[in-house]
Amino acid sequence: MNDIENRRKNIPKSIRFEVLKRDKFTCQYCGKAAPDVILHIDHINPVANDGDNDITNLITSCEGCNLGKSDKLLSDDSALKKAKSQMDKLQERREQLEMMMEWQRGLKSLANTTVSELCTYWEDLAPGYQLNDNGKNDIKKWVRTFSIPEITSAMDVAAEQYLVFESDNKVTLESWAAAFSKISGICRVSRQAKTEPDIRELYYIRGILRNRLRYCDDGLALELLRDARFWGVGLDVLRSIALQTRSWTSFKADVDFAIQDTDAWQMAGRSGAE
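Residues in the sequence shown are numbered from 1 upward in steps of one, following the UniProt record's numbering.
Hints are all accurate, no fakes.
Listed next, the in silico PhoX-like pairs over lysine-lysine satisfying Cα-Cα at most 20 Å (straight line):
id	residue 1	residue 2
1	K21	K81
2	K13	K24
3	K21	K32
4	K194	K182
5	K24	K81
6	K108	K136
7	K108	K141
8	K140	K182
9	K182	K141
10	K108	K140
11	K136	K182
The calculated label-pair distances, taken between Cβ atoms and stated as ranges, are:
id	residue 1	residue 2	range
12	Q192	E102	34 to 40 Å
13	D156	Q86	54 to 60 Å
14	E102	D156	32 to 38 Å
Just so you know, these hints were derived from the structure itself, not from any lab.
Note that the Cβ used here is the ideal one computed from N, Cα and C, for glycine as well.
Based on the sequences and whatever the hints tell you, model everything.
Written out as structure tokens, the structure reads:
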């Protein structure tokens, strides 16, 4: 077998498949497509004329067109245009991939800078300690959920409400940890308040219950308070219930009673009125 025959037969299967995909399994001479015809992989520049097996020199042809042609170049440049178009698309994809990776690197750099700036912001509010890796990871999670203004505003609130300063203007470690742990919750409540104006007060009322009762189901308590507000029970009534009730069971009964008749509960003036 001579060299021409070797080159003609030794087109790798992977290259054949790529050529067929590129040409959409359609003969580039007559336009017939599989499965109506058997397709071959043909050389644009014939092997007899030193054509090689490079994908840009290969084209899809049906059995009839392939067997009926001689070793001559195509009379038009459609195949060459197709090959160039393929190369252009590959180059465009490569450039887009490079741009996308550059964009991702930029986002990562921006995220790291943002976390660093927020760490500095908090450490300025709460001098004396620095955030460790766990604290920085917490801030990374916040950045994925909340905006920068939401986070800095929450830091301001946490610092004002929970930090305790010593005589040397350094905060106590206990208050520092407590304040930092409140930041994400403040972010969440502030966002909820935009669509649920009463939420801060409801959390406050639930806090009264948690401090007064031996047992309090936090989730159910908030659900009951929201339900009461939905049915028109005033915040002052709910606050009074929380301050007067003696048990979790009594609290649930009082809220239900207030929903049924707020005026009657106010007239009763005590928790557990019947």
